[in-house]
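These protein sequence lines map, in sequence, to chains V and W. Our numbering puts the first residue of the first sequence at 1, with every later residue one more than the last. Our numbering puts the first residue of the second sequence at 1, with every later residue one more than the last.
Hints are supplied without guarantee of correctness; some may be wrong.
Copies of the same chain look alike in the list, so a pair counts if it fits in one copy or across any two.
[As the list claims (entries may be wrong)] Computed cross-link-like contacts, PhoX-like style, restricted to lysine-lysine with a CA-CA straight-line distance of at most 25 Å:
| hint | residue 1 | residue 2 |
| --- | --- | --- |
| 1 | LYS2 | LYS115 |
| 2 | LYS17 | LYS2 |
| 3 | LYS185 | LYS238 |
| 4 | LYS17 | LYS157 |
These aren't lab readings, by the way, just hints derived from the structure by calculation.
There are 2 protein chains.
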Amino acid sequence: MKIVFIGSGNVATHLAKALFATGHMIMQVFSRSGENATLLANEVGAGAVDGYHLINTEADLYLFCVKDDALQEVILQMPQTTGIWAHTAGSIPMSFFSSRKEEYGVIYPLQTFSKDRALVFTDIPLFIEGSTPATIQFLENMARSISREVHILPGEKRRYLHLAAVFACNFVNHMYHLSSEILLKEDIPFSLLRPLIEETAAKVMEMNPGEAQTGPAVRNDEEVMHNHLMLIADQRIKEVYTLISRSIQSP
Amino acid sequence: MKIVFIGSGNVATHLAKALFATGHMIMQVFSRSGENATLLANEVGAGAVDGYHLINTEADLYLFCVKDDALQEVILQMPQTTGIWAHTAGSIPMSFFSSRKEEYGVIYPLQTFSKDRALVFTDIPLFIEGSTPATIQFLENMARSISREVHILPGEKRRYLHLAAVFACNFVNHMYHLSSEILLKEDIPFSLLRPLIEETAAKVMEMNPGEAQTGPAVRNDEEVMHNHLMLIADQRIKEVYTLISRSIQSP
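Using the sequences and the hints given, assemble the complete structure.
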């Protein structure tokens, strides 16, 4: 399959490498700045382009991996092409493409991507949506070539999945961050928390998170919570502590 | 070493089993209700007792593993004994013992304990504090018999570690819980999030959480955040979404 990547960020990088490794042909990597595009293009045997007029118009698939708030503008600027257009965004409906294309869809990888971290792509759940049965089939086949976890999911559901992922990933990471800030001020290494962090994540692989809840809030231990608040100097961290404790305690 | 456990909850269970497995003698397990005590006592070859007057007064170590808000009362009720008294609570100063004992201290295991989950105890960091150099030495030796991660840490520092653990474990688990509530309403299985949850935890084993942050808040993607808020029916979850997003964005 001949693929053009629109965008060269974290998602594009991981997806392009996985597709390249499975034998797909990455024809081009386009990015408006050009810089990252060259880096990624070199890794997957593709050409790097930085102008819309330079985009090859005869690929089978155009994968739009750009920031959510840039997607509309990028779609408007795209030249007419053959093939299918698909984006990779959790919260954007596939209908963003409808004024420009008939065969379009979504491949949403439910994972957090950082450039420097290698990932086993075959374990990443991919969620497919398409404008026609043939498009769905096409995107599903492509998805199955790189992952064992492929699901057809309409956009109405996908946006809830994306919302849930914000809690389970982005907000979780922010909790790690606040805890690292607390330790930094006391010169205690964050690495001491690693067994705890691993076990907390491992637990919810087997129990549901409601049952797994521990700590002063769920025990209604007001004294410990009061003492904790006294230790927090930062008003923002105090607010987070209070609200989440209350949320844990709410029925 | 001859050990008496005061309390028979999750911490007592895991600690007693680890100590028993290393060859220590668990003489008794005391609990006010008696019920759990019998269960645990049977597993570690100990006697179960439910009255303070039945506690053997000639052990080397009395380990107080009771709820934080019960500790003071339990200490008052304890008979005079030989040996060392130590508690396992993150946020309680060791001085709670000072009116009753001269040799006392703390062994704080930094982990989340559920009865039904087996844990590799040797990986759990244990934090030691003691009222005298000999007490510290004694508790350190005992701790090293069950864990490779033993640290001497004064109570002033320990309470910050405990506070940080609330963020990195209890609050993290609540984020998992809120995400599972969002998915439940949409009939989407929580298990789909597992690779994401694992990777989010794995990332901060290698990068610091500040660098690892992804998602709409750190990208300042106001439109996605606005759309997410529109999807959340529950006022409490809305508040959490708003506050944490703002906290991620704050400098």
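Status of each hint after checking the structure:
no.: 1; hint: LYS2 x LYS115; result: within (23 Å within a copy, 53 Å between copies)
no.: 2; hint: LYS17 x LYS2; result: within (14 Å within a copy, 59 Å between copies)
no.: 3; hint: LYS185 x LYS238; result: within (15 Å within a copy, 30 Å between copies)
no.: 4; hint: LYS17 x LYS157; result: neither (28 Å within a copy, 45 Å between copies)
Violated hint: 4 only; the structure is consistent with all others.
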